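Work out the full structure: start from the sequences and follow the hints.
Each chain is listed here by its residues.
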Amino acid sequence: MKAAEVVNDLLVQRFGVAMAEIRHETPLRNLRMDSLALEELRVLIEDRLDIDLDEVALTSRDTVGALVAAVDGKVAA
Amino acid sequence: MTARQQPFSAAVTGLGMVTAAGVGAKATWHSVTEDRVPGGVSRQDELADLPCDFMYTVRDLDPGAVLGVATQRLMDRFSQLAVIAAREAVADAGLEPETWDSSRIAVVIGSAHGGLPFYDQQHAAMTQRGARRVSPKLAPLTVVNGAASSVCMDLGVHGPSFGVATACSSGTVALGTAHQLLRAGVCDIAIAGGAESTVSRLLIASACQMKAVSTRREDPAAACRPFDAERDGFVVGEGAGLLVLERPEHARARGATVRAHVCGYGASSDAYAPVAPDPDGKGIERALRTAMADAEVTAGDVGYVNAHGTSTVVNDLVEATVLERVLGSHPLVTSTKAMTGHTLGAAGGIETALTVLALEHQLAPPTANLEVPDPRIPIEIVREQARPAAFHCAVKTSLGFGGHNAALVLTRG
Chain Y
1 MKAAEVVNDL LVQRFGVAMA EIRHETPLRN LRMDSLALEE LRVLIEDRLD IDLDEVALTS
61 RDTVGALVAA VDGKVAA
Chain B
1 MTARQQPFSA AVTGLGMVTA AGVGAKATWH SVTEDRVPGG VSRQDELADL PCDFMYTVRD
61 LDPGAVLGVA TQRLMDRFSQ LAVIAAREAV ADAGLEPETW DSSRIAVVIG SAHGGLPFYD
121 QQHAAMTQRG ARRVSPKLAP LTVVNGAASS VCMDLGVHGP SFGVATACSS GTVALGTAHQ
181 LLRAGVCDIA IAGGAESTVS RLLIASACQM KAVSTRREDP AAACRPFDAE RDGFVVGEGA
241 GLLVLERPEH ARARGATVRA HVCGYGASSD AYAPVAPDPD GKGIERALRT AMADAEVTAG
301 DVGYVNAHGT STVVNDLVEA TVLERVLGSH PLVTSTKAMT GHTLGAAGGI ETALTVLALE
361 HQLAPPTANL EVPDPRIPIE IVREQARPAA FHCAVKTSLG FGGHNAALVL TRG
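Chains as they are written, first to last, in my numbering: chain Y, 1 to 77; chain B, 1 to 413.
For the record, the hints were derived by calculation from the structure and aren't laboratory data. Values in this document were obtained by computation on a predicted structure and should not be read as measured data. Be careful, since some hints might not be right.
Now the stretches of chain Y that chain B is said to cover, found in silico as 3 or more residues with beta-carbon under 8 Å [claimed, not checked]:
1. 9-17
2. 59-72
Covered stretches of chain B (chain Y as the covering partner; in silico rule of three or more C-beta atoms under 8 Å from a C-beta of chain Y) [unchecked claim]:
3. 65-76
4. 133-143
Derived Cβ-Cβ restraints for the label pairs, each shown as a range [unchecked claim]:
5. Y:Ala76 with B:Gly39: 47 to 57 Å
6. B:Gly156 with Y:Thr26: 21 to 31 Å
7. Y:Gln13 with B:Pro160: 30 to 40 Å
8. Y:Gln13 with B:Val275: 35 to 45 Å
Glycine included, C-beta positions come from ideal geometry on N, C-alpha and C.
What follows is the structure, given as structure tokens:
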């Protein structure tokens, strides 16, 4: 499964974000993803894809696209 | 000599209940007064190898659908049940969170174990899959005050809020504390009661080791049988029961319907044992007498008692003995736990709400599953069917592990 699919699926299923709200350029905080939610999302992505995102530094000001790119980088690695 | 406070009656203007007997106050009351057999008790797969493999759970409720995923994910189940009950209680009281003075509202919610199921799950995640798989939400979801903070966030309450933890009397102590906050003028409205959900293999395993829960595996629906000669322990349940209490002048000014009054509260400590009540019942007797003095009522005034009645051998005998000693044999006494399960920290909230409904309907609910009364129980317990009667004053008693006793006195609205 591609990184974007995993991120989108988790945002919708686990955080109650509407699919229509999820755009590449949308800051995560606009999806009501605060710092605690981002840490929770990190654990879920790591679990789903069996990767380690500990070194990835993202905040809720970053965009969905930046998150997907970071996950893609780890999957590719 | 102890300084006495001025008598104070808090108006009960709203009720909310989510229980194994029904979702909503009406559904729970109907089940408690009309159903003969508990429908909410069932075997749980995760308890299959334990001496007690059953408990009471809330049916026909999808918290995700009611609350939405974005809200639901910020709460463990006990807080979800609390929020759903709080919404019902506030709507029942005719209050509108969009317009109320939110700084004058308090939330006080009791719970014995908070988010224990989430603890249980996360501990399993750590031991099975490592520390990197543990949720960052463990602390905020499991703290006992989680139900109170969740209700505040959901309804927009900005007055004082906190959890109360006195084990199985938590809900009653929360209501008594709310009564005191209102009396002191700290707030105009208090949303108070209890919430609990302990569908947890860890907790039930320990309760089995303690020999506190029923092991009637062959017939779970008959396992909780308060005051019965064949009782062998309590049966854990989940649920929430919240009341809206108001300063009487506040309720009057907005033309609210006053469904009952909470007019006396008493609490005490056994200082005896971590689990067993003082065998002489001196602690619960002190709480009951204090509540009656606070309400300025005498034994002859009390017409109905919703007892703690857990279905353990010791509790029911000690409690009934104290009720007879303090009140005599005339009040109608019931335990409603065979229909709801023992909801631990939620019990006082649920059972006080049922006491309000008993006062309104002038009807004492029966004690389900009570077939052969224990001959050592010195009072008659209402059983088989609900009993109509005229009573103006009722009592709710609760006892908690650790010797935390509490009693409330209520009167008709």
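Q: Hint by hint, work out which the structure violates, then give me just those numbers in ascending order.
A: 2
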